[in-house]
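Chemist: Using the sequences and the hints given, assemble the complete structure.
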Amino acid sequence: MASTAPTRKAMTGKAVTRAPRDTAHEGFLNHRRARWAKVAGIISLVALLAYMLTDPTPRHNGGTWLGYTLGSIGAGMIVWLSLLGVRKRVIGARPFSLKGWTSAHVYLGLSLIVIGTLHTGFQLGWNVHTLAWALMMIVILSGLWGISLYATVPERLSANRGEVTQQQMLEAIRTLDRQMDLAAQPLGADDAALVRMSLEQCRIAGSLGQRLSGNYTSDGNALALAAISEKVMAGMRSGRSDERLQQIQFLLERKEAALAQTRRHIRMKAQLELWLYIHVPVTVALLAALFAHIISVFLYW
Amino acid sequence: MTAYRIAIVGSGPAGLSAAAHAARLGLSHVLLEKTDHLSDTIYKYQKGKHVMATPSQLILRSPLDFDAGKREVVLGTWNDQTAAAKVNVKYKAEVKAIVGTGAPIEGSVMKIVSRKRDGSTETKEIQRLAPPYRLTLAGGEEIIADTVILAIGTQGNPNLMACPGGNLPHVQYQLDDPTEYTDEHIFVIGGGDAGIENALGLCADPAQHNTVTLVNRSADFANAKDANVKALFAARDAGRISIMTETTTKEIEPGFITLDTRDGEVRARCDRIIARMGSAPPRGFVEGCGVEFASNDRLAFPKLSATFESTAPGIYVVGALAGYPLIKHCMNQGHDVVEFINGNLDLKPADEPILEAKFAALPKGPGGGRSVADWLEYLRTRVSILTGMSALQMREFMLDSSVKLYRAGDVIFERNAPGSSLFGIADGQVLVEVNPSDPSITVPINAGTIFGEVGLISGRRRGATVRAGADCILVEISRNAALKLMSQVPSAAREITRITTERSLLQIFKSGLAPADLVDVIAAAKVETVRAGQAIIREGEQGDDIFIIRSGSMVVEKSIGGKPVFLNYVPAGSFVGEMGVIDGGPRTATVRAAVKSDVIRLAGEPFRALLAAQPQLLDKLRGEMANRTRLNNFIESKKDSFSSVVDMYTGVANFLVEQGVGEATDVLLIDEKLCVGCDNCEKACADTHDGLSRLDREAGRTYAHLHVPTSCRHCEHPHCMADCPPNAIHRGPTGEVYIDDTCIGCGNCQRNCPYGVIRMDKVPPKKPWLLSWFLFGSGPGPGEPSHKWAKKADPAYAEKAKKAIKCDMCSGQEGGPACVRACPTGAAIRVSPEQFLSVALMAREGK
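Top to bottom, those sequences are chains D and G.
With the numbering used here, the residue at position 220 of the first sequence is 352, and numbering never jumps.
With the numbering used here, the residue at position 549 of the second sequence is 924, and numbering never jumps.
Keep in mind that the hints were calculated from the coordinates and are not lab data.
Don't take every hint at face value.
What the hints assert, rightly or not - To be clear about the criterion: a stretch of chain D counts as covered by chain G if any three or more of its residues have a C-beta under 8 Å from a C-beta of chain G, and this derived list gives those stretches:
hint, segment
1, 177-190
2, 266-274
3, 280-290
4, 294-303
5, 414-421
For every residue, glycine included, the Cβ atom is placed at its ideal position computed from N, Cα and C.
Modeler: What follows is the structure in structure tokens.
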């Protein structure tokens, strides 16, 4: 037993100061009272003033001293900003705040609109240089879209799921399926086929079209529910209501509700990630275009 | 008739060890075992049960080997080694009586007091006779022995089913292997730990298709461990077991059982009955042998000399019956007692080297150093709370405690250091720095008394720095040892309570009070335990008692517009109710316990007299009162302008208190308005902790988008620590509750945690470097790897043992909690409840 002596320090009687930590309850947009917004604002303002107050000949472009300065800053920032993807995956033991990184990423990224555009001197054309600028703008705009999603979706996501986890939502659907399977045992072949449709032809996330449109009326469970409801209504009208069918209808309705909640959940979770499918690949393309832009500038002066 | 030098009764760890040692020494001996196998108590453990070998620092002296492990391995080793040592074992030899055959011992009369049902007592006197002893066995056979070692344990004989049919073959009193039975209707009778564990074992695997019913005579399960009861109810809720309470057995027939329930008679199918209805303690038999017990208490142990000899000369008592339930202790005593009988009276107990090491660093006293026994006696007589203990209790106590010399000026502990141990001053004097900003102002505490008790009681950080005033010898008593001391020695408990009351008053009210000023107040003080949710002060009622919160925490509420509004959260170490004493009006707010708490109630009358004599104290309380009045007024004013904000604040605060945040010291909260569900917190947790995440972000309760995920709150008095066999759960130097490497994976902490934050899992193999995942896709990437990957990456993974895994607050990591650092949006924060449950929350919500 003694061979695996605990490596931890026991109580010492000394007050060991706890590692400093950020206990401020503020989001990434106003991290440290929006410190990075101010930094980014000042950088943009300085760049703008420098651009307006200088008058190089023949005109503003990437080749003037201001152009080089802005270009160097912009390129450095692009590389640094793209490293967020690495930073968030390397945790380690040292102090850092990913929230601070995100905050800087957002505001400095926005300031690139000013820096990058001033660097071009508004000389845009159909070439690799403008391609880099255009890709940068796409990245920034997709980032803006991401921020707007981050600002609005979490609250709805939380409200939709309540205290239920995704795992539990899927489990609830499986439980309903089991109950339905049991309840369907005494049914005739026609009705059982409808239940089977709900069990076998129901896709929780649905097809791409269903996911995009949010319309799941052609899904197995919805069809089964419509058909069974029809039969229950018909039975009631004829005065011969079938309790077993009503039970099935009840279960199908519950499953439909559970499906709706799960689909909303998945949809919002997808929204929170969807923009990254533009943001990240275009960033990679941007880095390549940036590289080509710099090489070509120096090679084909 | 055969005559032996030593007859050993009982073949448990103690008896077996004694017999093996006697065999090794070549002493003529006989080991008498009631059943047909060795060590019945351990034999009756469930199949595969892990047998513990605590205390680990104790050296094993027995000729038999013993190491922690599965029941089968332990028993197998003992069987082999007993046979190899040529121990003379006599199976199926139940001893019915032990009587001396020599002359009457003058003046040695055994008085046996038996209490009758009607409350009267009857005293029987037995004249003790000198050895050798005659042992009469159940079959009538007789054995003569010079000395007798009683090692029969405390288990006694199982209580038998008394109803008709109780002797049928399908009624059994033990369960060896619960997996042996399938497709049976089984009734387990008895709601103690043994019954519950058996019943749970039988229904653990649904594939066995057993229909298990647990029958309990009373309505609740007061005799069972809390964790077992919880597991039982969980099994019932999962539909694996039925529970019948307030039910007794009426009749047993082959294939059926008839039960008397509260609602009448029930006859049910039954293939097997497992009766675990406790056992009759062997006290009657032991007393009949002439062995006197320390008291009439049901749990008392025999009076023994330092060589384990009882009041009957030549009869020795060792093992659980002597008060030592741990296997290792028992085995050592078996060895020692045979040494004593063999004339080696200088033998030191096995814990001697451990205790020697504890005293080694102390200064040599006059006359060239004290022996261990001298040191123990020295401490016992010098420290007031230890005085009530016996020499054996002192030994036991010292194993869990430590003693140290501090030179004048040494710091013993610092203000705000976490710590729950208690210090006793054996010699010298310590100084308490009462004013954090000026260390030169100190209050002395003198030899003989104690300090550090506030940490022990409340689990909060140390309130002041304590230095050695002169060279001093201090005993540091761990929280566990202190609790044991308080439960075993009532005088110690009273003394600790008195001192804690006095000190907390001095510490809270400061203002130059001296203990002498408080005599009247303390005389009228009462310690009360308050249930969670119970109010100690009600708004509008008259009352002038002041309450000091010793442990737990309180919430203060005020009724505004007919609705209770949350005003404040009051942690342990604070006081409430001072307004009643000062202005005498009705109570202005309700104070109720957030969790089960201990409070000291101080009567208003003597306190008012104290205030009259101490104007500074009155000023201090007025200042405190002004603060609270300001808060009241602030909330009142907000109420008109932002009533929804106040409601929100109250709702959030109440929700957090309901979630047990009241006993937390550090809790992870997630603002779901910011959380994008990236689970980077979980990934960071896994990546900084052996690849296993200690938090479940999505699970847990939510109120108004404030989410309390499943993650450790580092409770003041952690529930997980309550029942950890290897004592592997500790509070670290920065306040975190952590589990060390000695965890045996028993799962007690997981069951005891009311918040479900401990998981049992095995450490996955190391992942390839992040960059190689990034560039080449090798390995599972950031976060917790799947079991599938772990199995593939490490063939030994499947065989690894599961251990308890929980949050350690990222102690030792410079950056603080990884979950918080890794949150990209700032949704996750880790705070103490005082930090969060303040008006700051309302100001923020109002934005």
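Chemist: Now tell me if each hint is right for this structure.
Modeler: Cross-check of the supplied hints:
| no. | hint | result |
| --- | --- | --- |
| 1 | 177-190 | violated (count 0) |
| 2 | 266-274 | violated (count 0) |
| 3 | 280-290 | holds (count 6) |
| 4 | 294-303 | holds (count 5) |
| 5 | 414-421 | violated (count 0) |
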